[in-house]
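Peer 1: Reconstruct the complex from the two isolated chains, following the hints.
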Amino acid sequence: MKGKGRFWAVLFTISSLVLWTGIGLCGAPGFDDKEIRIAAWGPQTGPAAPWGSVARAPAVLAAMINEQGGIHGRKLKHFVRDDQYNPAQTKVVVKELVEKEGIFSFVCGTGSAGGLAVKDYLAQNKVIWVGPATSVKEYVFPVQPYLFSVYPLYEDEGSILTKYVIEKLGIKEIGVVYQNDPYGKNGLDGVRQRLDHLKMKAVAEIPVEATEKDLSSHVLKLKSAGAKAVLMWVHPTTGVVLVKTAATIGYKPQWVASNTLSDFELMNKISGGLWEGIITGAFMLPPDSDDPRVVKYREAAKKYAPEERFGVFFMAGIMFTEPLVEALKRVGKNLSTEAVLKALNSMKNFQGVGPKLTWSPDQHQGSDSIQIWKCGPGGKTILLQDWTVNELAHWKKK
Amino acid sequence: MYGQLIVEGLSIGACYAVFGIAVVIIYKTSEVINFAQGEMAMISTFVAYHILNVYGWPFWYAFIGALFFAVLLGVFIEVCFLRPAKDPTVLGLIVITLGAEMLLMGLASWKWGAEQKDFALPFSFHKTHELFKGVVINDWSIAVFVMAAVLMIFLYIFFRYTKLGVAMRATQQNEHAARIMGIKVERVFSFAWGFSSLIGALAGMFFAARSTLDPAYMMEPFLRAFAAAVLGGLMSIPGVVIGGGILGILENFVGFHWPAWKPIVAFLVIVAVLCIRPSGLFARHYEKKV
Chain A
1 MKGKGRFWAV
11 LFTISSLVLW
21 TGIGLCGAPG
31 FDDKEIRIAA
41 WGPQTGPAAP
51 WGSVARAPAV
61 LAAMINEQGG
71 IHGRKLKHFV
81 RDDQYNPAQT
91 KVVVKELVEK
101 EGIFSFVCGT
111 GSAGGLAVKD
121 YLAQNKVIWV
131 GPATSVKEYV
141 FPVQPYLFSV
151 YPLYEDEGSI
161 LTKYVIEKLG
171 IKEIGVVYQN
181 DPYGKNGLDG
191 VRQRLDHLKM
201 KAVAEIPVEA
211 TEKDLSSHVL
221 KLKSAGAKAV
231 LMWVHPTTGV
241 VLVKTAATIG
251 YKPQWVASNT
261 LSDFELMNKI
271 SGGLWEGIIT
281 GAFMLPPDSD
291 DPRVVKYREA
301 AKKYAPEERF
311 GVFFMAGIMF
321 TEPLVEALKR
331 VGKNLSTEAV
341 LKALNSMKNF
351 QGVGPKLTWS
361 PDQHQGSDSI
371 QIWKCGPGGK
381 TILLQDWTVN
391 ELAHWKKK
Chain B
1001 MYGQLIVEGL
1011 SIGACYAVFG
1021 IAVVIIYKTS
1031 EVINFAQGEM
1041 AMISTFVAYH
1051 ILNVYGWPFW
1061 YAFIGALFFA
1071 VLLGVFIEVC
1081 FLRPAKDPTV
1091 LGLIVITLGA
1101 EMLLMGLASW
1111 KWGAEQKDFA
1121 LPFSFHKTHE
1131 LFKGVVINDW
1141 SIAVFVMAAV
1151 LMIFLYIFFR
1161 YTKLGVAMRA
1171 TQQNEHAARI
1181 MGIKVERVFS
1191 FAWGFSSLIG
1201 ALAGMFFAAR
1211 STLDPAYMME
1221 PFLRAFAAAV
1231 LGGLMSIPGV
1241 VIGGGILGIL
1251 ENFVGFHWPA
1261 WKPIVAFLVI
1271 VAVLCIRPSG
1281 LFARHYEKKV
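Protein chains in written order, with the working numbering: chain A, 1 to 398; chain B, 1001 to 1290.
In isolation and in its complexed conformation, chain B is listed as follows (with noise of 0.2 Å):
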């Protein structure tokens, strides 16, 4: 039973860990939470389920399409939304994602209604494996694993060794420099927006094949995985995949012995977090000078 609870963990950790990954994105270049991520992912997860079920189209369209979709509504909340604010503070910023976060929400509601929908994957949660004697792992779980390995291959090589993502960091550090040494601030905004959004809908996609659909289903997952983030630390790609595994095997076996914990389990993570270590388990701090 333990088996299977470490591979339930660690393929639900795997989710939270890609919808993390998204919310460090944007936090690296701007320093900035943000709350609509989670609702941008189930706009982009509706879109899929619009082009499959109201234009009948094949599921690889549709998830590309979405994909397509979520970069243009990610870009599109930082032009509209977050640049035209006057001279904007961090929290300021947090408070206009907020406010995205409704208007989205409300906009789902309207378009596709409340009630709750089916969004299946070709994934399927019914195809299962053997790993070991009496634990299984399902294709859906094996999706996540390899998305959060790919994901975590390719940003570590982006940050590290392009040019986009070096200028991403850099204005993270310190935008003015960044300014000065020519790099293009507002459109490395604009790509960590889209970049984000874009990961962010892949996540919202599969937390919907494993729940339903539905303008409020992203809300808990944001909140698992900005604990995972904030465990593995907020500027660490791989330590936001690892904080998600290690997140996701601590509730299971919470749950199993202590449900009623459960739900707590993430909130007390965050706590202890920031009281012990603020900066997360493997991210490195940044003292700013003035």
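Pulled out of the complex, with its shape left as it was, chain A reads as follows (with noise of 0.2 Å):
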């Protein structure tokens, strides 16, 4: 009987812990004196681990802030979860960092289907969201007090890109490949708002699904409609088996790719070479470039994450946080989530690698310009367009 009272004691101690542990992270703002709490989920293992480092790149920029000391002296701690791409397990890794951990804002965030499964609990739970990883309208339109976006929209870049081919190149024949997706979908939507512009037409708008290896007959269809450029929103391995293809039957293209394809490194080893002379959007400067903002983190991930290759998707997890700490500099010692999401509505003209970014409590997409490179030899960057403004942009007509 002493033995089993003393179990049933043991056990309520247990219970008390684990409840009041749990209530009393369930609803913490996310920061005390010493810290606070950021993270970022992104698919570490499946079919879309390769854009998994975004969500790692904040740790490098935290360890940058607080080896000097952190921000009015509290100390970034970045969290990583794999969701592997899947919606499903997006909420639940995000529902265990905020109801355990204990978030203050979460920055990057890949995949828009996982975005779309958990923006609504962010906002419920008045989580601020900055920097998602992936452009997409809903997540802005209309204005989600808690999410601020960073990257530019596909539509514009889809418009900026077809307007460079069609006056700097003097390419009329425009063919399209888009992944049967919203991403794919805006990039043509953008393609077509600035051919109706101009009162031209596609000679071919081809979909293709992004786990296709075969697209012969996607290549023949393009040089059948006699497309001179081809603009294209697919998946990496997608572009690269869409330039295989075309080089065995001797057709050659000018190729113009969304900036998702625009990490040269990469797509020219993994193409044997054919990425150079191949065009693309880019949503911030190039990683090798020797500006000093992209020098100073290309040698700061060389010291806490030498592990990593410094490639755009990677530069582009620090890009994406940022506005936040830009934010939560300018808000000083007394944070508070009110504080922060004052600063940020407040931000007008904020440049760090990326595009120029302002937010207001009544628009929330961030930045409206590209970049556009050119890959050269041996996966050199070579910027042929400084950022560039979507003049036709529906959404600043608004």
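Hints listed in this document are in silico derivations from the structure and should not be mistaken for laboratory results.
Errors might be hidden in some of the hints.
Claimed, not checked - SDA-like, lysine to any residue: derived pairs with alpha carbons at most 20 Å apart: (1) A:K168 x A:L198; (2) A:K223 x B:I1249; (3) A:K223 x B:E1130; (4) A:K252 x B:V1136; (5) A:K269 x B:A1120; (6) B:K1117 x A:R309; (7) A:K269 x B:A1216; (8) A:K252 x B:E1130; (9) B:K1133 x A:S224; (10) A:K333 x A:D32; (11) A:K213 x B:A1120; (12) A:K269 x B:G1056; (13) A:K380 x B:D1118.
Claimed, not checked - Computed Cβ-Cβ distance ranges for the label pairs, DEER-style: (14) A:P306 x B:R1179: 55 to 63 Å; (15) A:P306 x B:M1102: 28 to 36 Å; (16) A:P29 x B:L1268: 53 to 61 Å; (17) B:A1260 x A:G170: 28 to 36 Å; (18) A:K100 x B:A1260: 39 to 47 Å; (19) B:V1271 x A:R293: 53 to 61 Å; (20) A:P361 x B:H1126: 52 to 60 Å; (21) A:N349 x B:L1098: 47 to 55 Å; (22) A:L169 x B:I1264: 32 to 40 Å; (23) B:K1111 x A:A339: 40 to 48 Å.
Just so you know, even glycine gets a beta-carbon here, dropped at the ideal spot from N, CA and C.
Peer 2: Put into structure tokens, the structure is as follows:
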């Protein structure tokens, strides 16, 4: 009997502790006098894992800041969780982070489906989310009070790239290959926006699934339609299959791709050198740039994450986190969610290594411009056109 | 343009066929669909990649090394994963192959990372030959055709005229009777898995050269190869080759005229064949007696 009583007493104590700990962290503000907890989810395993470095990169920025004493005395603590690019898993890891760790703000967040699955949950729990690592109109239209987008819209990118092809390259026969999802369709909308404005039409618009490995029929269709420039919003592997297949039948259009295919070092390597000469959009300075800000991050990555390749995706993770850090600096010692929201909502023309960002309480789509790059020999970046705004953008006219 | 579509359809179809043969060899002996087939090929291709890029050995050393590894891997999976299963049903064995698939994919991600890699064969994509006016064929396609033809002839002779081939067929038709006749059934299973893994690795290297090498790159070709095998008949080697050709051409024609419908062609083929002729176009259907 004595033993049984002791057992129940121990069980009660442990349960109380667990419950107390859980309740204690649930709904915590995500910071204390010593640290501010930030987090990112992304695919660390599975087919989309190449994009996983975006979520790991903020740790480098946090380490840099912490080495200098933190932000107003508080260190940044970065959490990374693997959602395997699966929205159901995104919900699980985000809930765990919010309710067990107590997160002040999320940064990055790769995958549109996963982001859409947790967007409302984060808003209900008053957790800020800065710089989703994808461009989704539903994130910011209508305005979500806690969500601040950095990534330029694929629609704007499509419109700017089409303008470049027509006006600078003088090519009128344009074909489009787009992934059959919101990413690809938004890019296609941008191409159509520009072509409609110029009273032109694409010679071919071809949908493709991300998993397809044989694209001969697509390439032959582009060739038979007479496309002299082909714009693509596709998965990196799809892009490689397209250019390889075109090479086999002697079809040589000017390939133009979305910023998601702008990791030239990687793309040139996996395409066996066929990426050279391809033009892409870009949402930040090149990772091999001599710009002092990029050099600073590159050196920090070597120091704090030597196992990582400092490519576009990794640097993007830092770029998406920069505005949150800036807002935290502007707020000062009296940190609160409301104060950071105020700082983010009043941010005007802030520029880190990405495009200029402007947010207001009525507009949370921060950027409207892209750069245009060309893949040079050995995967080197050639800057063709500096930050360019889409003057046709519908959303800015609202 | 249609001539080129046919050439491209036949060449990718031949690659599906070779991979489909790997699926059929295991099915012919155990009636198990091996869902880890793609990942076994993927790991073997990564081994070739590793030998080429880490050790810097010439291609043919890497090629032979990868094939040798593929055989060992196939035997290992059969001996360590399938054989210990207690009173296994076919469904139970299929579930084990699904587990092996996930394990191999995780292993590849851990060892080589998830980022895509370039894997090139000596049969270049870029080197083309004009067959007719406006119709070209590249070295990669020629190599695939030759590989499919040689394999088909070899396997036809093997299953018809060799003791081991006949033992494999006998094991599939009646495992108990095969045991009574003195066939060492366990050895037959191990051989089938090793041999199937080797053929899968061959196809895997060709698929990697056509796209990129990453832990998930064989998921889609496996589905296509499975569709080709179902179409031709899961028990028929020539059927799989013809099934692959039909599927390749069909996909390319649909993809040219209605690109949005191309991804579902393989699934429609599987459903249609299972509804109309479950044994496939070229396989004879065996009724098992109780």
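Peer 1: Checking against the hints above, which ones are violated?
Peer 2: none
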